[in-house]
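Residue numbers (the working numbering), protein chains in the order written: chain E, 1 to 272; chain P, 273 to 818; chain F, 819 to 1322.
Hints are supplied without guarantee of correctness; some may be wrong.
Using 30 Å as the maximum straight-line C-alpha spacing, the simulated DSS-like pairs for lysine-lysine come out as follows [unchecked claim]:
hint : chain 1 : residue 1 : chain 2 : residue 2
1    : E       : Lys163    : P       : Lys414
2    : F       : Lys1251   : F       : Lys1036
3    : F       : Lys1053   : F       : Lys1042
4    : F       : Lys1143   : F       : Lys1251
5    : F       : Lys890    : F       : Lys1261
6    : P       : Lys545    : E       : Lys163
7    : E       : Lys163    : P       : Lys598
8    : P       : Lys799    : E       : Lys163
9    : E       : Lys163    : P       : Lys342
10   : F       : Lys857    : F       : Lys1143
11   : E       : Lys163    : P       : Lys688
12   : P       : Lys710    : E       : Lys163
A few chain E residues that don't get close to chain F, going by computed Cβ distances all over 12 Å [stated by the list, open to error]:
hint : residue
13   : Gly42
14   : Val127
15   : Thr175
16   : Leu178
These are calculated hints, taken from the structure and not from any lab test. Here a beta-carbon is modelled for each residue, glycine too, at the ideal position from N, C-alpha and C.
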Amino acid sequence: MSRKSLRLSRGFWWGAALAGGILLLGLLAPWLAPYNPWNVTGQPFEPPSRAHLLGTNDAGQDILSELFYGGRTSLTISLAVAALSMTLALFVGIAAGVSPVADRVLMRIIDAFLSVPALLIFLLVSVHFSLNVPRLIVLLSLLFWPQPARMIRSQILSTRAEKYVEAARGFGATTGYLTFRHFIPALAPVLLAGFLTRLRMAVFIEAGLAFLGVSDPTVKSWGTMLHFASQYLYLGCWANWILPVAAGIFLTVLGYTLIGQALQGRSLRGEA
Amino acid sequence: MTRDSRTSLLDVEDLTIVYGETPVVEGFSLRIAPGEVVGLVGESGSGKTSIGLGIMGLCPGRVSGRALFKDRDLQRLPHDELRTLRGDRLAMVFQDVAGLHPTYPVLDQVAEAVQVHHGVSRAEARERARSWLVSVGLPEEKAAAFPHQLSGGERQRVMIAMATVNRPELLILDEPVAFQDEGAKGDLIRWFRATFETAGILLITHDVSVALRMADRLIILCGGRVVEEGETEAIIREPVHPYTRALLRSNVALNPHRELIRIPGDPTRINQKGCPFQPRCVQAVPECSHARPFLRQIHGRRVACHRGGVVALLTARSVGKSFSLKGGKVEALREITLSIHSGEGVALMGPTGAGKSTLGAILTRLLKPDTGEVVSDFDDGDFRRRVQLVHQHPKEAISPHFTVWETVEEPLRIVKASHPYNDRIREVLREVGLPTTKDFLSRVAHTLSGGELKRLVLARALVLDPLIIVADEPTAGIDASFASQILRLLMTLQETRGISLLVITHDPYVAQKVADRILYLEGGQIKKITPSLTPVTHRHPAPLVS
Amino acid sequence: MKKIVRWGMGAFWLVFLVLSSPAWAKPLNIDRYVIGDRKDWGFPAPYFHYPRGPGYLRMSMVFDTLIWKDAKGFVPMLATSWRYEPKRLTYTFDLNPKARWHDGRPVTAEDVTFTITYMKQHPYPWIDLSHVAGATAVAEHRVVIQLTRPYAPFLEDVAGSMPILPRHIWKGTTPQAIDRKKAGIGCGPFILKAYDAAQGAYAFAANPRYYRGTVMVKSLRFQKVNDPVFALLRKDIQAAVVPPEAGALLRRKGYTVVSSPTYWVLKLLINHRRSPMNELRFRRALLYAIDRKLLVKTVLHGFGTVASLGLLPPQSPWFNPNLPKIACDPAKARELLKAFPRPRPLTLLAPGRFSRAAERIRQDFGRVGIRVTVQTMEETAIDAMIQKGGFDLALSGHGGLGGDPRILNDVIAGDFLLSERFTEDPRLNALLKKNLEAMDPKKRHKIVDEIQLIHARQIPAIPLYYPMMTVAHDGRVPWFYTRGGISKGIPFPFNKDALIRKKP
Ligand SMILES: Nc1ncnc2c1ncn2[C@@H]1O[C@H](COP(=O)(O)OP(=O)(O)O)[C@@H](O)[C@H]1O
Ligand code: SF4
Ligand SMILES: [Mg+2]
């Protein structure tokens, strides 16, 4: 994979541009947003105007500013969840892939995790804890790790069967050496795919949970924007309120998907 | 060996020969009974001729020790008594064919040997000489020729005729057939055996195949010291001393199919304090360099080696292995017992599924046997360095992420070898015939050609200085010319590094080329063992290539 | 002539009666009527419904109480008449002899005495019987209830709220053990036909033998809907509480839209037992920091009013209009906070539905230098934390402010789930005690006024706003607002009496 030609498809660049652009918007939110999105800067339900390009929401807050800050939250959560869950998956997957004893225990745990309906967990947790951003990240990560952990484990098992690993063992390689030198490099495509999938899922699920009001509605996120907007659907405010948010979610997910497909296609070609 | 003076013809005890300050022969002892042929075998320069001359009392160096001919000490015998004996009861065929007088016809020179000892008439002497020359195989018309008119082989026959015309009781033959073509060699050997059935013969030769055909017993000489001594056939079948085996393996006549292996190292480098073979011995231990090994009784012969001869580097004892499959248990190996000796080449043959690769994996300790054990000559910590498996499919055996450099570096990193790696990596790459340019080193290994990859895995196996390489199907699936390159490479490694090879192959020609022994594995068991070395017995010499 | 005039007067009177009574004017006969709601409120029987207004309301369709309330005040229900004897501390009720349980058995005084004993034994969260000593059935249809002390709210809180249980069904069993099928048998105007918790669906059928008159809706349903506005527009339902913001739209679509006080207040509960909220100065600073007007504008979108610091709304007959009215003043708040350099960050517990208010409060407090972290949680979890005192600030609301001012006892110092638990002020404690005992309305008024004043000064909690309730319905049922709310102040217009054509 490494040192292969870095020729990437156009899809990748589109995806990177989308994801990167949205990331940039999120990062620069404090400077780009015309208002503090928590301050009341207009009457409730103002239609788009010069002062408020996308109008105001139910609380008289600027929707455009909310959109920037909301993107920031969505991206933070998705990146953190993807990173955390993949890290967890990596540790568990490696432990399971490397040690048969750990494998038996961990696979049980993974099965247990996978058999639990995720939404139920969220509902249960949200009853007793405020689902603020850090908690949401932890919870989503806890729900997201088992699947990639399994994939990582099976990738390690198949790498373990490789002759080159047998050869390394023939030279007396320790498990640690094999892990760092052979297992982890071979995991790159799995990790990448897993990471991007989790990014996508996190954006979606965050939005979904916030929309349902399960997560903390005082956090500015695309999901909470939808949550509030959905309560006033009869006011006909979808064009300036719901549509921009939906577009944000769609473009982000599209960006991740494009990157993922491009890289996956490349790594497949590379492995062939 | 018990000393029985009644039956012994020649008794040499503790013969030591020193030229200047250099001892070339040390503590040589020998006993020849009437009718016995003893072969004294060694590389040239090992002191064979000096011993012959020493016994004859003709040696220019300082000779000590005793040589008793029929209980008479040849060293202390009055000069004319010795001269009477020499050439009559006791004769030596000299190696040097230039020893003839250039201005007399050869017939006269042989006749003179008769006249000197038997005082017969000149005519009778000439007559005897003529018929003797003919029986030695010189064409009658050439009897009157001058030495320079004869070929080397013919001159040698003249020398033989001169030495033997008086039918001595003890004959010392120094390289008697060295100048003969293969057919003539056989004729001469047969002639000697037939003519001197009751005499004692000391056959000095560097050519094991000659000794094999004539001698009842062999004495292997290395650096003027006896390293192995025993029955000819036993020694040929199973050489015990590393030097003996090396001699055998370098002999073309003994190895018609097998690739020849030169004895590694410089033959003139002889350890004077310790074992003479030590500088070239792949299994030497520190002791070998400073302590002299003495002859000891081993395997029905006498061997001078600190390690009791060629050691088994790797021994599998009653190894069994079965795999559980869905349908039940498959017994892959059953009660396998085998050894791989230092420096030897072993081929493991058998049909697909016979358990070859399993055995390979068990011997390299990549797989644990269910029963039995694999013991090695190495410390456990050293095992991984010393035993290397070379996989059949090099591409599978190299990480797709690795460059050429990383591939060869890997074993060094794993065993935490001391830096720098650079020289060692380049050295092994050169050894297997791969480039060592920066460009090449940083290429992703998988982008190399199949041939380069084969060499690369070999280089990787060599970088830890292994003593055993288990090569799994090294030539399978590659074209013949390339296969022969790989084989030559393996043999070169064996020759230059003294590596033991276990070649897993299904190709009998490959097996014969690389192996001292061929093991047939079938149904998880060793069905037969064939020494690839084809002994040419002296009774029925094999037809040799002309 | 006189006779003619008398006849004429009589006829006119009759016509007037006919015309003026909506039931007569437009005789109702509705086959099916669905009231939408966003939630399920539990099995509609005592002990089983969720102890909140809508749950009680559904139960009330099946179970009758001794007396009831209409738009003007108390009206007979199971009891045709009642009287209080102050000396003996007794209430005597004469029961309607025609009353029948849904299974056909007559309702007797024994059922009433049984209910009181049973509910004393198995407390029913809705009813507090601590001041009731017991009851005696003095005749088949007459029951005497003995109080332990004068208790002003008795008629509203007990007689007008306590569902009478059929003795023959509940006797010898516990609320935990009773057979669900039988637990739904009452004597009210509707018979429970089906209940589906998952769907939040309640199906009631008109009780054909209802003792107080004809039930005009054959099939009454309550149905959980995701969006009442759209459900109304789709005609899936005929009535629902709707967001006030949708009122204009629904009115345009021909719906009858009525807004009314809810007798409900959203409060910022302050844990006055924790530092620094235990100091009045700090609580005052909080009060000055909050822009309650902005809250009404941005959270209620104007459909509500800033709450009185004495808790009772202006619509309540017990409202004290002379309380200090404190407007937002961040400068004042900062001034007060000077005594608290670097106050610790506070957490604010808020149910999701109050998240906008929480957001505003966080901003307002942030403006004066008090850092607030909002934790949104499920309401029940917050309730539990409030009860344990494990919070700094919490957003919590309660209704019941339209009825008897006894509510002040419950919410200020009582053990009620959402009580402010403020017992620090001995004078307030004494007044609250008197509040329950004063049977003389004038004296009681003075007491209640003073309670409100102390609350406004001590600020154990900050009353934020009174939202308005907007109900939209198709106009066929003459829903009305019950005086002081149904039972103990449920602010919905869905009073079952609107569905009954009473026998003359
Ligand atoms: N006359 C001599 N003077 C000095 N060194 C000799 C002499 N003859 C032989 N040597 C040395 O003695 C060693 C043994 O020689 P030689 O007996 O001829 O061996 P071989 O017969 O086995 O070839 C050799 O190193 C050789 O160089
Ligand atoms: S092992 Fe030692 S003693 Fe034996 S042949 Fe090698 S060097 Fe000589
Ligand atoms: Mg010689």
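Verification of the supplied hints:
Between E:Lys163 and P:Lys414, the direct Cα distance comes to roughly 70 Å. Violation of the 30 Å bound is thereby established for this hinted pair. Taken as a hint, the F:Lys1251 and F:Lys1036 pair is broken in the structure, with Cα atoms around 46 Å apart against an allowance of 30 Å. Of the supplied pair hints, the one linking F:Lys1053 and F:Lys1042 holds, its CA atoms being roughly 14 Å apart against a limit of 30 Å. The suggested pairing of F:Lys1143 with F:Lys1251 holds, with an alpha-carbon distance near 26 Å, which does not exceed 30 Å.
With a CA separation close to 23 Å, the supplied pair F:Lys890 and F:Lys1261 stays within the 30 Å bound. Under the criterion of a C-alpha separation no larger than 30 Å, the hint pairing P:Lys545 with E:Lys163 is inconsistent with the structure, at around 47 Å. Taking the CA atoms of E:Lys163 and P:Lys598, the gap is near 23 Å; set against the 30 Å cutoff, the hint holds. Between P:Lys799 and E:Lys163 the CA atoms are separated by roughly 29 Å; this keeps the pair inside 30 Å, and the hint holds.
Our distance criterion of 30 Å between C-alpha atoms is broken by E:Lys163 and P:Lys342, whose separation comes to about 69 Å. Taken as a hint, the F:Lys857 and F:Lys1143 pair is broken in the structure, with Cα atoms around 36 Å apart against an allowance of 30 Å. The hinted pair formed by E:Lys163 and P:Lys688 meets the criterion: a straight-line CA distance of about 22 Å does not exceed 30 Å. With a CA separation close to 27 Å, the supplied pair P:Lys710 and E:Lys163 stays within the 30 Å bound.
The beta carbon of E:Gly42 is not kept farther than 12 Å from every beta carbon of chain F, the shortest such distance being approximately 10 Å. Non-interface status of E:Val127 relative to chain F is broken: a Cβ of that chain comes within 12 Å, the nearest being about 4 Å off. No Cβ of chain F comes within 12 Å of the Cβ of E:Thr175; the nearest lies about 44 Å off, and the non-interface call holds. Once the 12 Å rule is applied to beta carbons, E:Leu178 is consistent with being away from chain F; the minimum gap is 46 Å.
Violated hints, in rising order: 1, 2, 6, 9, 10, 13, 14; the structure is consistent with all others.
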